[in-house]
Structures are given as C-alpha cells and as structure tokens.
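S.K.: Chain residues, written in single-letter form:
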Amino acid sequence: MRASLEIKNLNVMIGDKQIIKDFSLTIPKSEVHAIMGPNGTGKSTLAKALAGHPDYEITSGDALIDGESIINLEVDERSRAGLFLAFQYPMEIPGVSIANFIRAARNARLPEGEDLDAPAYYKELYEKMDRLKIDRKFTSRSINEGFSGGEKKRCEILQLAMLNPKYAILDETDSGLDIDALKIVSEGVNALRGPELGALVITHYQRLLDYIVPDKVHVMYDGRIVKSGDKSLALELESKGYDWIKEIAENAA
Amino acid sequence: MEAEAGFDESIRYAFQNHMDSLNTVPKWWREFKTNAFDSYANMPMPRRNDENWRFANRNNLSLGKFQFDRDTVSPNVSSLVEKSRFTGTQAGGFVIADNKIVQANRAPKELTDQGVIWSPLSEAIVEHSDLLRDYFMKQGIDLGSEKFAHIHSAFVTNGVLLYIPKGIEVEAPFCSYNWSTSENGSMFPHTLVIAEANAKASVVEAQLSEGEQSVFSCGVTHLFAGVGSELNYTLIQNLNENTLGFQINSNIAGKDSTVSMNSIILGCGHYRSETHGQIKGSGAHVDMRSMALANAAQEIDQRTLQTHSAPHTTSNLLFKNALKENSKSIFSGLIKVDEVAQQTDAYQTNRNLLLSNTAEANSLPGLEIEANDVKCSHGATTSEIQEEEIFYMLARGIPKDTAEELILYGFFEEILENIVDEKLSDCTRQLIRKKFGS
Amino acid sequence: MTTATHNIEIDRDKGDFKYAETHKFDAGVGLNEGTVDYISDVKGEDDWIRDFRKRALKVFQDKPMPTHWATKDLENIDFNKIRYYLAGDQRAKKSWDDVPDEVKETFERLGIPENERKFLAGVEAQFDSEAAYSNIKEAVAKDGVIFMGSTDGLMEHPEIFKKWFGKVIPTADNKYAALNSAVFSGGSFIYVPPGVKVSHPLQAYFRINAENFGQFERTLIIADEGSEVTYMEGCTAPKFDTATLHSAVVELVAMPGAKIEYITVQNWSSNVFNLVTKRAIAHEGSVVKWIDCNIGSRLTMKYPGVILKGRKARGEVLSIALANDDQHQDTGAKMIHAADDTTSNVISKSISVGKGRSTYRGQVRIPKHLKGCKNNTECDALLINSDSRTDTYPAITVRGDQNYVQHEASVSKVSAEQIFYMQQRGLSEADAMSLSVNGFVNDLTRQFPMEYSVELKRLIELEMEGSVG
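Chains as they are written, first to last, in this note's numbering: chain A, 1 to 253; chain B, 254 to 691; chain C, 692 to 1160.
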C-alpha cells in the first residue's frame, strides 16, 4: 500500500450541527491536493477536526496516517505522528520567541533524555528563514505577536519547514496576503514538495493554485466533495463561479 | 457622631418633627423612615481604619450645624425656574428648591397614556406606593456612606420617579433641578429610574445653589435597567463651596441593557460620591464617567465599584480630575468579577491633571478577579500640563491662561463629548469656563 | 521525603526533608518577656539591645492584626504554639568542615557549597535561628567588605550596626516588624566600603528544619558611597502539618551613588506564613533594585519599599508571584519619594493557578514641594484556571511640581486556542502551558541574573504540571 493520508467516511459536528458529512479523501505521499469551495462549506472544520481541535467532534469515520488511525490521539500526538496544520489565523503567544517555540516543538520529537544540537538547530533555522525572506531578528520576537498577515503566514511555513511533517494541511494560507507575500509563501511550500510530503491546500480562490500547482483539485460543498479533477478544475471553477457547484451539488442530491 | 452628644438630641427631635409633618403617606413609608433613622443613629461615623475612607478627610463630616426640619420655600422662585433650563428639549422637568417642588413640567399625555410615570417623589409616595415599595433604596449601599444613605432615607421628601414601560423609547431628557437656598439647610435629592424591557430614556439632574449659604446635600440616584433597555443619566453638580455634599449612585443593568452614568462635578467644599455599577444580566454594558474641576481647598472624594456577576458583560469607567490651588481628589475604584462572570471585559481609568504645586491627587485603582476568561485592566496617571505644550501655544501668541484653558478642555473632552444635548453641552462648558476663571 | 542524593533537581519539593533536631539552645514554646531575656542571655547582648527587644515586644502585643485590609488567614497563626529560638551554636563556622554533619548535609543537598565554589563572592547559611556557616572570599574581604551573620555583626562591628539598625524600618512599622524586633536572630550583615564594587553576588540561604518554629532573621546591608553589591537569598523548609512562621526584617542603606541589588527566590513549603518587611533608604544618585520572586509559602505578605531620600535616587521592584492551590501571594511595592528628580519603577507579574490567589498592593507617594519625580507601575496578572483569583490594590498620592505617575494593570489568561496551536506543533498540553507562562514572565526574568532566571523557569515548569485539564 502506498503511504497516504486517508480520510474515510468522516462525520464532524460542532455542537449539535453536522458540518462534515461522510467525507472521504486519500492524499498519497508526494502529492499535493487542493480543496476549494465557498465559505461556510466546512473546509476549515475539516482541517481543525483532523488536527484534533476540542470543539470539533468526530462522530464517525476515520483518518489514518500511513495506515495508522489518528483520531483517538491527542492534538500533540497527531502532530508528532506527522500531521501539520498551517493555521488560517495563527495564534499570538506573548513572550514566547519563534526560536524557543520551534525548538520546544523539535525537542518534543526527540526521544526522552536527548537534547537538540543547538548550533545545528540555529544554522538550519537561519537558512530556512533566509529562504522565506524572514528577517533573522524575528527569531527573538514573540511568536506572531504584532506580525503582519504576511509575516504570520511565512512564520507558519517556517514551522512547516522546521518540523518535517509527513502531511501538511494549509488552511487558507493565501488569505490576507498580497501578491509578493503569496509568491514567497508558495515558493516556500514548493521547496518542500517531494516524495516525503503530502499536502492538502485549502483555499477559496484559484489564485494560490497558480503558484502551488496541485496534482488534484477537489471541490467541497456542504460538508462533502462534490467534484474532483485535475488542476484545470480550479480554472473552470474560477470562470463559472461557485453557483455552478451549487447546481452540481443539488442535482446530485 | 460620638463627639456630638447635643446633636444626637437635636436631630432626633428634628426627625420627630419631620415625621409629624408627613400627612397622607402610606404606613410602610413611615416604618421605612423610622428604621432608616434608627440605622443612621446606631451606625458609627467613618473610622480611621475604614478602607473605604482611605485618604479622605473625615474632620469636616460633622452635620451638627445643619437643620433637617426646616420648612421654607425660596423667596425667589421665578428666578430659580428661569435658571433651570440646561437642556434644549425636555420630556418633563421638575424644579425643586429646598426639597419642595416649585415648578412642575409633567410628561406629555401621549407618554402618560402609554404608561410612562414621571412624578415628584412627594406625589409618588401616595400615587405609586407599590412601585416605590419595590424599588426605593433597594440597590444596597456598600462603598462606605451607609450612614449617610440612612440619613437620606430618614429625611428624604422629594426627588423624581421615572418609570418607562416595556418597549417605550423617549428621546428627550427628563430633567430634575435641585436648588439649595437657605442657610444651614439640608437637601436630599432623589432620582429613581425604572426602565422595563427594551425601554429607553435619559435623565438630566442638576444640583445647584442660590447664594453662598452652608448646606448639607445628600443625594441618591438609582437606575434599574430592564432587559434590553437603554438608560442615560447625567448629573451636573454645581453646589456652592460651603456645601458638604454626598451623592450615592447605583445602577442595576439587566440582560442586554446599556447604562450610562455621567457626572460633571464642580461644586461643594467637601464632596463624596459613590457609584456602583451592578452588571447583573449577560450582554449588559455599563459606562461610568466623571469629570471634576476643583479649586481652593475643595476635596473631591469618589469611590466606585464595577461588579460583574453575569457572563458576557462589559463595563468601562473613566474618571478625570483637574485640580487647581489646594484642592484634593481621591479616586478609589474596584472592578469585581465573580467566578461565573466569564467573558467579561472591564476597564477602569483614572486621569488626574495637577494645575498647581499644592494640589493633591490620590488614586486607588483596584481589581478583584475570580474568573479567568476576562479582559480587565485599569490605568491611572497623574501629571501636570507639560511645559512644552504651554510653550508651543505661547509661541503661537496664545496667552498662558487661554493655553491652560484649552488644554483643560482637551482633557475633559473625552467626558463632555458624551453629552448629546447641545444646549446641555454648552451649559456645561460655560460652567467649567466660569469656574476655571474664578 | 525524597531520598538523599547529592544531586537533587531544583524543585518545589527539593527542600522537603528534615533531620532530627539537636538544638543546644531552645527558648521553648510561646512568647513573653522570658523568651526575650533567654535570647538576649544566650547571645550575651548589651542592655540597649535587650531594651530594644522588650520595647518591640510591647508594640507587637499592643498592635492589632491588620485584618481590616489583609486576609483573615492571619488569624490562624497561633503565636503561643511557636518556638522562637532554636540554635545549635552561637557563632557561624567559616569552613564547611566545621559545620555539624546534618546541617552540612542539608546545605549540600540544597547545592549551596557547590554554588559558592561556582559563582559567589560569599555565602551565609542559616539553620533555624542562627547562621551555621558564613564565609567571604578572601579577595572580597581584603577590600574591606564585611559579610557575616547579624549575630556576629552585632558583636564585631557594633559601631556600624548600631548606627543603621532599626533606622529604615522602625519597630512600630507593623505588627510583624515589631515581632521580629523582639526576637530577631540571624540574617546577614553587610558593609561595603566607599567605591568598592563587589563583582560576584553574596548569597544567604535560610533553612527552617524544626516544626512549630518561627524564623526571624534580621538583615542589614550598607553600601557606602559609590559602592556596588548584589545580594541573593533563597529559602526552604520541610512540609510540616503545622504552620511555620517566617518573619524577617531587611533594611538596606544605599549611600550616595551606591547600587544595591537584592534578589529573593522564596520557595518556602506550603505551610509557611511568610510575613516580611523589606525597605531601603536610597541617598542621592543611588539605585536600589529589589528582585522578588515568590513561589512558595501558604501566605506571603511582602511589599519591598524604597524611600527615595536623595536627589536623583532610583528605586525598582521587579516581582514575580506564583500562587497555586491553597496559596496566597500578597505582594507588592512601596515607593516613597522624598527628594526631587527621584524615579521609581515597579513591574509585577503574577500567575494564579488552580485555586491560588495573588494580590498586588502598592503604594506610591510623591508629597508636595517635590519636583521632577516619576513613577511607573505595571501589574500584569495571568489566570490559569476558572477558579483562580487575582486582586490589585494600588494607592497613589501625588502632589508637587512636574511629577508624573502612571499605573497600569491588566488581567489575562492562556486561551484554549493558544494551547491548541502549540499542541498542533507537537507540544504536550503541560509543556504548552508552561511555555506560555514562561512567556508571560519572560520580559521580567530576562533582567535577572542567569542562575536565578534558570531556576525560576524550572520552578514555574514544575508548578504548571497538572494545572491543566
């Protein structure tokens, strides 16, 4: 069996409202899939539920990383199992510097009693920051505090690069970015593409997919995938608009 | 009163006279007053160790020289009425001199037909006895002036009652003008406002002196804001500087209500004000604002409490004092957030501007927080007008006095901008100007 | 009780062990004139000290408990059940080899001799009522620096001691200062001659070993003109079932141009009432900085102060308090401006965990006829659990000319979304929590000496364990 992030018949509730409905999707390692869809259709819910946010209840179905179910794991265990979520709205954590934060996350991945090689860590951190055009001065700044929208998203990609997950979910990483920031962020993601990473890119707009070209595109509506295709689907969607999807979804129902 | 044995006798006698003068009042009212007087008599004066009186001068709280049973009416009624026009419009207004109604502007018929009650307290005791029985002095006194609240209850004869039924909105303000006119007299202004669900109203109260006589003024304002209601109360206190003044304010904010209490404080030799915002319903918002301009040897002593006892509530307090000459201010504020009051936002700010080397500002901004999901902060600053600011204006040819006055208006603007009625806003500015120039 | 090893980790339970009591001197249980006489007799004190003690005892007995503003928990101290003086010996040893074995072992377990070798200019180690060990590095002593236990200081340098003793904190300042003045024993005495800069810290370590005991050390530090000194104190006690009392008085005198930095890491066990009076007088151009970390004790009441007596003097209080279940950290600062152009700065950060309660009380006074004084106060409180509590009660009085005072306080929490974010990066919930809490105090701990900020960070991590969920 090929290594993959596999989502099987997933149902997710927030309170007493069902958001994700019998959702299934398999993202083989090395591939980048995109999920597009109108606002309020459950894209971000899917991301947070997979990451294990306590407000989102998985009522049935499963999610597996390389064949191992993760849905009974704690949030941090899922992360260490290889799942990374780039947040749509990254949190500000006063007083905790980027360098210390990523270091703590890296340390959490080491066997007990083992400590990070600090000089090697800083060397790697600086290289990756340079690539993402993040000023080195940022290492001592509190994570996301007072960052612009673009800086926050670049900081998310930096963490992605530093934590080497097996699968990454990018939740609306393009929102709030101008075209230059979008290019930098996309280049950062593209640099990580390869046989060791599978990615799910969640977006509302086709624009991002000009820069992060997906292997497959899925259109989501009302908690489920209603249409899948290759990258041309994104262009078709852009020209026909989301009303077209509504029609497809309603006809199917 | 320990040191005033003779006074105990005379005030008891005065209270008896006061009770004898009440004619057709309900029995409960007599009992209420008798109990209040007993509580007053049994309660000690504020003591040195009372935290609620920290920094306060307790030496001039003596009531010995004031008379409580005098029955006089100002000789100059028409002049008082003439001067009791602070607002552009009014939905109703009473002019009260030495506790007697001297002019009554009743509420228009379309409002009374809808159930609005706008009544002098002296009438309401008889005509709306049940309503008063449920609401009169029912908000608790807990900021240190309990004894003075009791003497208020014992001797109060007048004031205003405003009752707004469900869903009724009144734009124009209801006004209450309270004048002191007689030497060594006493006055007990009372304002009681009850807003039912989704009602809306505003009240303007003025406390004023005719002449320079020495007077004891002890007022109480209670606001009850029902579900979704909106109340706005503005007090303008410009009593003369021979007055010993107390003002005890409280409001209860019900679910989703909005309450705004504003005070413009200019007068009294020694002024003690207490304001308690009781935020009891979720979604409620309470604003408490005050500005004081003090000079000579005035003491402005303000104590506040913001109590949050329901989730999703907000309160915002801003008290600003500008102090000239030998004046002194005390701001003591506390935000209390109960364990159940999660998602509370509560803010408290006290700013003091010292306009002389001998003025004194005391600030005691406090927090007691028992819920963890809250945003609470307080800030207090005390400073003088910066020399550079004055220099800048002088360099533009503005005389020093004018420069200071401009800065002072700038300082108070945050408070004054909340006064909606244009005429009231003008009147207030004139009063400030007059006082600043004095 | 932890097992005995010589390499125990720094933690809250680190001090939770005790040895059998072998006290040669014991003033017995309860407090009266006889207790005071016993202490004076044992110490062989001059009459002026004996009289001073007796006057203080009277003040202590007459003064009411300050429960009109402070917590009622004070009423749970039974002064009749406490032992006021316990000592093995009167004079501190200058070599660890001469210190009795159990006492030496106690301090070794707490890492004191090791620290002395590593980075300290001098160490004093107090065991119950008296210093068991006191030594200063020769190089420092050669400059004329005096560092010894107060008991020794009083005998060997009465001329300096008497001049300053009780002058910063009068006996009647408060009930607990009076108590200390009646039965004080131990503490440090430091004199730094003009112009001498002591480059490494002097450290005192206070250890309570006996149950039902009260420790009443008295510390007096005089930094003469243009001198500089850093003093650090640590403290531990075993966890007894009964209440233990610690009531110290600490007086600092910074002569013109001097600098004193006084660092406390208070880690008493959770049965200790810690009621301490600390104050400094800062003369012209001098700087006094209190760094005060309160992690332990059942109730701490402590408001380090600076009387800014000389022009351009500066006072600072940087404090961190962590209150866990059954703890009340009632701390703060007093800044009394008494000369022109004096400045003061207070930064207080408190963390309340579980049912813990932290309280800030502050006093800032700028009286009339002073010019150009400035105070800045910032109090930030972090609440971890829904039943945690925080209070802030500052009092600010300002008069005079071109003075500026600002006070700000805020209350915040660690949000569930922040924890989720950090967990998504692979941190456990507890690690995420302690990272946030350390982040909260970070800008303050950065100003601490390295050794202490590391210790503090670990103490916080340990306290945060099990605080979530």
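If you're looking for bench data, these hints aren't it; they were derived computationally from the structure. Be a bit skeptical, because a hint or two may be false.
Unchecked claim - Dumping the calculated DSS-like pairs for lysine-lysine here, alpha-carbon to alpha-carbon at most 25 Å:
{"#": "1", "chain 1": "C", "residue 1": "858", "chain 2": "C", "residue 2": "749"}
{"#": "2", "chain 1": "C", "residue 1": "833", "chain 2": "C", "residue 2": "734"}
{"#": "3", "chain 1": "C", "residue 1": "754", "chain 2": "C", "residue 2": "828"}
{"#": "4", "chain 1": "A", "residue 1": "137", "chain 2": "C", "residue 2": "1148"}
{"#": "5", "chain 1": "C", "residue 1": "1046", "chain 2": "B", "residue 2": "589"}
{"#": "6", "chain 1": "A", "residue 1": "29", "chain 2": "A", "residue 2": "17"}
{"#": "7", "chain 1": "B", "residue 1": "589", "chain 2": "C", "residue 2": "749"}
{"#": "8", "chain 1": "C", "residue 1": "745", "chain 2": "C", "residue 2": "828"}
{"#": "9", "chain 1": "B", "residue 1": "653", "chain 2": "C", "residue 2": "749"}
{"#": "10", "chain 1": "B", "residue 1": "508", "chain 2": "B", "residue 2": "653"}
{"#": "11", "chain 1": "B", "residue 1": "391", "chain 2": "B", "residue 2": "508"}
{"#": "12", "chain 1": "B", "residue 1": "653", "chain 2": "C", "residue 2": "1059"}
{"#": "13", "chain 1": "A", "residue 1": "166", "chain 2": "A", "residue 2": "29"}
{"#": "14", "chain 1": "C", "residue 1": "1046", "chain 2": "B", "residue 2": "628"}
{"#": "15", "chain 1": "B", "residue 1": "628", "chain 2": "B", "residue 2": "653"}
{"#": "16", "chain 1": "C", "residue 1": "930", "chain 2": "C", "residue 2": "950"}
{"#": "17", "chain 1": "C", "residue 1": "754", "chain 2": "C", "residue 2": "784"}
{"#": "18", "chain 1": "A", "residue 1": "183", "chain 2": "A", "residue 2": "166"}
S.K.: Check whether the Cα positions of residue 508 of chain B and residue 653 of chain B lie no farther apart than 25 Å.
M.R.: Roughly 49 Å separates the two Cα atoms, so the pair is violated.
S.K.: Between residue 628 of chain B and residue 653 of chain B, does the CA-CA distance stay at or below 25 Å?
M.R.: 41 Å, violated
S.K.: Given the hint that residue 745 of chain C pairs with residue 828 of chain C, does the C-alpha gap stay at or below 25 Å?
M.R.: Status violated; Cα separation ~37 Å.
S.K.: Can the restraint linking residue 754 of chain C and residue 828 of chain C be considered satisfied, given a maximum Cα separation of 25 Å?
M.R.: At roughly 43 Å apart (the allowed maximum being 25 Å), residue 828 of chain C and residue 754 of chain C break the hint.
S.K.: Given the hinted pair residue 166 of chain A and residue 29 of chain A, is their alpha-carbon gap at most 25 Å?
M.R.: 7 Å, holds
S.K.: Would you mind confirming whether the straight-line C-alpha gap from residue 653 of chain B to residue 749 of chain C stays at or under 25 Å?
M.R.: Distance of about 58 Å is beyond 25 Å: violated.
S.K.: Hint check: residue 1046 of chain C vs residue 589 of chain B, CA-CA at most 25 Å. Holds or violated?
M.R.: OK: residue 1046 of chain C and residue 589 of chain B at ~17 Å, within 25 Å.
S.K.: Decide if the proposed pair is consistent with the structure: residue 930 of chain C and residue 950 of chain C, CA atoms, cutoff 25 Å inclusive.
M.R.: 36 Å, violated
S.K.: Within 25 Å, alpha carbon to alpha carbon, are residue 183 of chain A and residue 166 of chain A?
M.R.: OK: residue 183 of chain A and residue 166 of chain A at ~23 Å, within 25 Å.
S.K.: Quickly compare the C-alpha distance for residue 29 of chain A and residue 17 of chain A to 25 Å and report which way the hint goes.
M.R.: 32 Å, violated
S.K.: Regarding the pair residue 137 of chain A and residue 1148 of chain C, is the alpha-carbon distance no greater than 25 Å?
M.R.: 24 Å, holds
S.K.: Residue 833 of chain C and residue 734 of chain C were given as a pair; does the straight-line alpha-carbon distance stay at or below 25 Å?
M.R.: 28 Å, violated
Checked against the numbered hints given earlier, this structure breaks hints 2, 3, 6, 7, 8, 9, 10, 15, 16, 17; the rest are met.
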